[in-house]
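Asker: On the provided structure of chain A, position chain B as indicated by the hints.
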Amino acid sequence: MRSLEQVVSPLGLGQAEKSTAIMSRSVNDGASARLERLIQEHYEFVWRSARRLGVRSADLDDVVQEVFVVAARRVDEITHELGFLFRACMHAASHSRRSVKRRREVVDDQRLEHEIDRRANPEQDAETAEARAQLQAILEEMPEEMRVVFVLFELEQFTMSEIAETLSVPAGTVASRLRRAREAFFARAADRE
Amino acid sequence: MKRLLEGSIPPRAAALLRSAAADVPPRAAEEKVRLASVVSGARAASDARSRLTSAKWLGALSLVVAASAGVVGTGYFQARAAATSAPSPAAQETIDVMDLPTATAAAAPVRVRPPAAASAEPAAAARARASSGTPSLEDELAAVDQARAAFVGRNPALALARVDSYRRDFPAGRFMDEANALEIQALVALERRDEARNKAARFLAEHPDSPYAQRVRSAVGFEK
Numbered sequence: 001m002r003s004l005e006q007v008v009s010p011l012g013l014g015q016a017e018k019s020t021a022i023m024s025r026s027v028n029d030g031a032s033a034r035l036e037r038l039i040q041e042h043y044e045f046v047w048r049s050a051r052r053l054g055v056r057s058a059d060l061d062d063v064v065q066e067v068f069v070v071a072a073r074r075v076d077e078i079t080h081e082l083g084f085l086f087r088a089c090m091h092a093a094s095h096s097r098r099s100v101k102r103r104r105e106v107v108d109d110q111r112l113e114h115e116i117d118r119r120a121n122p123e124q125d126a127e128t129a130e131a132r133a134q135l136q137a138i139l140e141e142m143p144e145e146m147r148v149v150f151v152l153f154e155l156e157q158f159t160m161s162e163i164a165e166t167l168s169v170p171a172g173t174v175a176s177r178l179r180r181a182r183e184a185f186f187a188r189a190a191d192r193e
Numbered sequence: 194m195k196r197l198l199e200g201s202i203p204p205r206a207a208a209l210l211r212s213a214a215a216d217v218p219p220r221a222a223e224e225k226v227r228l229a230s231v232v233s234g235a236r237a238a239s240d241a242r243s244r245l246t247s248a249k250w251l252g253a254l255s256l257v258v259a260a261s262a263g264v265v266g267t268g269y270f271q272a273r274a275a276a277t278s279a280p281s282p283a284a285q286e287t288i289d290v291m292d293l294p295t296a297t298a299a300a301a302p303v304r305v306r307p308p309a310a311a312s313a314e315p316a317a318a319a320r321a322r323a324s325s326g327t328p329s330l331e332d333e334l335a336a337v338d339q340a341r342a343a344f345v346g347r348n349p350a351l352a353l354a355r356v357d358s359y360r361r362d363f364p365a366g367r368f369m370d371e372a373n374a375l376e377i378q379a380l381v382a383l384e385r386r387d388e389a390r391n392k393a394a395r396f397l398a399e400h401p402d403s404p405y406a407q408r409v410r411s412a413v414g415f416e417k
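If you're matching them up, the sequences are chains A and B in order. Just so you know, the numbering used here puts 121 at position 121 of the first sequence, and the rest follows in order with no gaps. Just so you know, the numbering used here puts 383 at position 190 of the second sequence, and the rest follows in order with no gaps.
Same shape as in the complex, but just chain B:
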């Protein structure tokens, strides 16, 4: 069937139909950037929920493995753990979890270590430390969520402040890519374009394949 505008219709009707082409949103560029953050938040939240559920199971499993390895007491793993001079056994434990691939976790560099390295330590000690205030994945996720929420809530200044405190609290943060992308978007929203472009250029040079690369490019108007 032909559209009305392809046939012959009264001029007034044609003018009305053609006027629809002028129906364009007023702040499209700004809203697209904001929406990209909103939906990435929606996806991150559902990914994180499933990740945390699995993380709990994996955690339980690794404690069982830890217990048995502790009994056997293999010198190899202890030597290996010392040789890699890992930041802390607690960090290794969470790395197991973070090696699970997800969009948000993609920001974290994949560090391959023998999973059993963490198990050089008796399970009880690991469990005790886990509950002793070491920042958890939940804490870190909450921090980056707050920064995103500020940006989505059209408060870029607060988003910047929260990105700063995220960096301070989690210097080796696993969501650093997302924090960097949020910072760039917030700078654009605050009209601090030069800073945003400099940071974007650095970000894209260092992480050309980041899942946030496209968002950073659109925020500052770089062509792919």
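The following block holds chain A by itself, in its conformation from the complex:
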């Protein structure tokens, strides 16, 4: 298995210099301030991304935490913040799914989804809640490589080139995955009418 360092490195500056104790205080404070800001601004993005990548609600907090711990370790290397966080999220999510499989837990996913929907936003009207649950179901039926492109482009407003950079794939590949993802989305949205 590839290490997380290898997985996220394309978005960083390569091998970071080892930090030393002589690192200037202002640099260090800057890193802490940046981390606090990353959490304040992008916590919701990481949470949504983890959920859309199929992390169960019981594991969401752990996965989100893992993403920010990785960001803390590599904060000086982060260039495209959302891209970095999403990539770390993909890795943490796949790790979480594997460990769930290993634990062979019996989970009533539908019940969990129901719970999370109610908890998430009590004032949300029933129609929106239902649409949201269906969207989640459609996303979960898509192969991951199509799903991530669809989520980043249609729901998170990434540009095609940001997606290509985030996933380290050519722009043409991103375009063809998006096309297939849209076809799947329309087919399944029609099924559920």
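Mixed in with the good hints there might be a few duds.
Derived lysine to any residue pairs resembling SDA-like cross-links, with alpha carbons at most 25 Å apart [to be verified]:
| id | chain 1 | residue 1 | chain 2 | residue 2 |
| --- | --- | --- | --- | --- |
| 1 | B | Lys195 | A | Ala190 |
| 2 | B | Lys195 | A | Leu167 |
| 3 | B | Lys195 | A | Gln136 |
| 4 | B | Lys195 | A | Arg179 |
| 5 | B | Lys195 | A | Ala184 |
| 6 | B | Lys225 | A | Ile78 |
| 7 | B | Lys225 | A | Arg74 |
| 8 | B | Lys225 | A | Asp62 |
| 9 | B | Lys225 | A | Glu44 |
| 10 | B | Lys195 | A | Gln65 |
| 11 | B | Lys225 | A | Leu155 |
| 12 | B | Lys195 | A | Met146 |
| 13 | B | Lys392 | A | Arg37 |
| 14 | B | Lys195 | A | Ala164 |
| 15 | B | Lys225 | A | Gln65 |
Simulated from the structure, these hints should not be mistaken for laboratory data.
Answerer: Showing chain B alone in chain A's frame:
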């Protein structure tokens, strides 16, 4: 390329895509505060490891300097050491280390003293005291780590108790800013908001530039 919602698509598909906007985490404010502590712990741990490694080298170096200064026996440094009425030579030794800038150490006020002051004393004595149970940087770091771990582990009451014992054991603690910030976060988690806000106001008045100021502000909901 245009997004689907910018073009014309079937109403049901549009409704599904728009529903994504309702995808919001249930406890965002609480989790952000908790995560800020978690990641600061992760950074502090890696900073501390590198600091301790360097501290060991610096310690060895200062003992060598101490030995030679002891032989020369300069009256200046002895007089200077007495005049500053330093708490103890042991404390001065660690101050050398703490002057190394790091995020966590930023909490400690920078005290500038002649580094050689500690060396007024023979190296052997300094070494003997170092191993005689004087609280070390490691002990202090461990104490504040335990308080943070309790808070991160969603046990704010235990975090408060550990902050208290940190203050008791290290009255001139070098991580006092972090301990104060943890206390405020734990009070918020325990719904003791008035206490938290009072302490936060005092903290921000006394340490407006602390690296923990932003965390304290977000914990109690103060605007910057």
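Asker: Now tell me if each hint is right for this structure.
Answerer: Cross-check of the supplied hints:
1. Among the hinted pairs, Lys195/B with Ala190/A is consistent with the structure: their alpha-carbon atoms are about 21 Å apart, no more than 25 Å.
2. A C-alpha spacing of about 20 Å is found between Lys195/B and Leu167/A, which places the hinted pair at or below 25 Å, so the restraint holds.
3. At roughly 22 Å between alpha-carbon atoms, Lys195/B and Gln136/A fall within 25 Å of each other, so this suggested pair holds.
4. The straight-line distance between the Cα atoms of Lys195/B and Arg179/A is roughly 12 Å, inside the 25 Å bound, and the hint therefore holds.
5. A C-alpha spacing of about 18 Å is found between Lys195/B and Ala184/A, which places the hinted pair at or below 25 Å, so the restraint holds.
6. The straight-line distance between the Cα atoms of Lys225/B and Ile78/A is roughly 20 Å, inside the 25 Å bound, and the hint therefore holds.
7. For the suggested pair Lys225/B and Arg74/A, the alpha carbons sit about 19 Å apart, so the restraint of at most 25 Å is met.
8. Pair hint Lys225/B plus Asp62/A holds up; C-alpha atoms about 13 Å apart against a cutoff of 25 Å.
9. Between Lys225/B and Glu44/A the CA atoms are separated by roughly 9 Å; this keeps the pair inside 25 Å, and the hint holds.
10. Note on Lys195/B and Gln65/A: the hinted pairing is violated, with a Cα-Cα distance of about 33 Å set against a maximum of 25 Å.
11. At most 25 Å may separate the alpha-carbon atoms for a hinted pair to count; Lys225/B and Leu155/A meet this at roughly 22 Å.
12. Restraint check for Lys195/B and Met146/A: the C-alpha separation of about 17 Å stays at or below 25 Å, so the hint holds.
13. Our distance criterion of 25 Å between C-alpha atoms is met by Lys392/B and Arg37/A, whose separation comes to about 23 Å.
14. At most 25 Å may separate the alpha-carbon atoms for a hinted pair to count; Lys195/B and Ala164/A meet this at roughly 16 Å.
15. Proximity of Lys225/B to Gln65/A is assessed by CA-CA distance (about 10 Å); at most 25 Å being required, the pair is judged to hold.
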